[in-house]
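**Q** Sequence order for the protein chains is A and B. The opening position of the first sequence corresponds to residue 1 in our numbering, with each subsequent residue numbered one higher. The opening position of the second sequence corresponds to residue 177 in our numbering, with each subsequent residue numbered one higher.
The hints are simulated quantities; they were obtained by calculation from the structure and are not laboratory data. Worth double-checking, as some hints may not be accurate.
Said to hold, decoys possible - Derived SDA-like pairs: lysine to any residue, alpha-carbon spacing no greater than 25 Å straight-line:
(1) K262/B - T90/A
(2) K262/B - Q210/B
(3) K262/B - T156/A
(4) K262/B - N213/B
(5) K262/B - R50/A
(6) K262/B - L11/A
(7) K262/B - L176/A
(8) K262/B - T245/B
(9) K262/B - G302/B
(10) K262/B - T218/B
(11) K262/B - P10/A
(12) K262/B - A153/A
(13) K262/B - A174/A
(14) K262/B - L13/A
(15) K262/B - A244/B
(16) K262/B - S288/B
(17) K262/B - S212/B
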Amino acid sequence: MTYIDAAAAPLPLHIVSTSRYGAVVNMFHGDLVNGAAWPANNRALYVPVRLPMAALVARMLLANAGNITGNVDLGVYDEAGTRLTSAGSTARSGVNTVQYLDVTHVQIGPGVYYLGIVASSTVGTFNAIVTTVAINRIEGVLAEDLGATTLPATMTGVTVTQAYVPVFGFTQSATL
Amino acid sequence: MSYSGPVTFPDANALTPFSPESIMYDLMCGGEFQFSNSMTWTANRAVYIPFSLSRPRRVAQIFWVNAATVAGNTDVGVYDEAGTSKLVSTGSTANSGASAIQIVNVTDYILSPGARYWLAIASDSGTHTYYGEVNAVTIARTTDALGCKSQTSAWSSGLPASATFAAGHEQLPLFGFASLATI
Numbered sequence: 001m002t003y004i005d006a007a008a009a010p011l012p013l014h015i016v017s018t019s020r021y022g023a024v025v026n027m028f029h030g031d032l033v034n035g036a037a038w039p040a041n042n043r044a045l046y047v048p049v050r051l052p053m054a055a056l057v058a059r060m061l062l063a064n065a066g067n068i069t070g071n072v073d074l075g076v077y078d079e080a081g082t083r084l085t086s087a088g089s090t091a092r093s094g095v096n097t098v099q100y101l102d103v104t105h106v107q108i109g110p111g112v113y114y115l116g117i118v119a120s121s122t123v124g125t126f127n128a129i130v131t132t133v134a135i136n137r138i139e140g141v142l143a144e145d146l147g148a149t150t151l152p153a154t155m156t157g158v159t160v161t162q163a164y165v166p167v168f169g170f171t172q173s174a175t176l
Numbered sequence: 177m178s179y180s181g182p183v184t185f186p187d188a189n190a191l192t193p194f195s196p197e198s199i200m201y202d203l204m205c206g207g208e209f210q211f212s213n214s215m216t217w218t219a220n221r222a223v224y225i226p227f228s229l230s231r232p233r234r235v236a237q238i239f240w241v242n243a244a245t246v247a248g249n250t251d252v253g254v255y256d257e258a259g260t261s262k263l264v265s266t267g268s269t270a271n272s273g274a275s276a277i278q279i280v281n282v283t284d285y286i287l288s289p290g291a292r293y294w295l296a297i298a299s300d301s302g303t304h305t306y307y308g309e310v311n312a313v314t315i316a317r318t319t320d321a322l323g324c325k326s327q328t329s330a331w332s333s334g335l336p337a338s339a340t341f342a343a344g345h346e347q348l349p350l351f352g353f354a355s356l357a358t359i
């Protein structure tokens, strides 16, 4: 009898905050909402993701809801909080669609990373998973109030007070 | 005492969008985990759902689940990652059997491990209904964020030879393929 060893199944092209690589405890509580308002002007949220293999960060993405007021910045940090790549402050565009933001491509290895997002306006709304503050803290989600809509070179995350996780992340593809 | 190498979880018979090889866990983490009874298709639309494999997988039977209203034709298949090669498909098949699974035997095709693929479904009917997951526009952004794609006017006597990917769609039927000869 012969056996075939398992190969590594490639990571999906899209790695997002609300997936098996991100905030997994949410699946026991979370409900998808159409239009969560951002909690505070220029507040950043950092959502940890765990990657079992290397990935290419080619573009950042977020799921816009019905109000796209303001700017956002999205990026990826290593586990120590050092920014690896980010888009820079970018006007939101595309009501009720997924918006892609170009970044300098960066190859990251297996490990824990933070997806970072900051939004300028509490008027703007996002596709998000409503959860609880407790679950978010258990997941390791962090927050930081920034003075601008630009993710910092080094994140200084503090205890999160939001009870939702926006749907955002990155794709490994420049086109898909 | 000796131990064998790591053992991965055995494959299920069927692979669908709601399988771990596809976006099952991600839909659950995204708060989407309940089937609707029925979704009315948009004529000639195709949807493409990503999946990847860690082991070779046989495509022996292809299936979808009809809801109450049955009309027109369906084609279900698998594309390579680039979407430029349709590897296996049923071809245009008349929908039949209300509120029932419909199964098409295909020539066995072995999908290689270590690769990404697209599970695809299309119909030429604007009245046919499928069983699966649908949630207005909200899930469209979720499936889009998870990398699902769609294509309007895709139908050309069935699924197109080469996919043209656009943003994901809110309709996510229960469909896929099975490795066993009998299901």
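**Q** All hints are to be evaluated individually against the structure, with a verdict given for each.
**A** Do the hints match the structure? See the list:
no. : hint            : in the structure
1   : K262/B - T90/A  : 38 Å, violated
2   : K262/B - Q210/B : 30 Å, violated
3   : K262/B - T156/A : 48 Å, violated
4   : K262/B - N213/B : 30 Å, violated
5   : K262/B - R50/A  : 32 Å, violated
6   : K262/B - L11/A  : 21 Å, holds
7   : K262/B - L176/A : 18 Å, holds
8   : K262/B - T245/B : 28 Å, violated
9   : K262/B - G302/B : 24 Å, holds
10  : K262/B - T218/B : 22 Å, holds
11  : K262/B - P10/A  : 20 Å, holds
12  : K262/B - A153/A : 44 Å, violated
13  : K262/B - A174/A : 22 Å, holds
14  : K262/B - L13/A  : 19 Å, holds
15  : K262/B - A244/B : 29 Å, violated
16  : K262/B - S288/B : 14 Å, holds
17  : K262/B - S212/B : 29 Å, violated
Checked against the numbered hints above, the structure violates hints 1, 2, 3, 4, 5, 8, 12, 15, 17; every other hint is satisfied.
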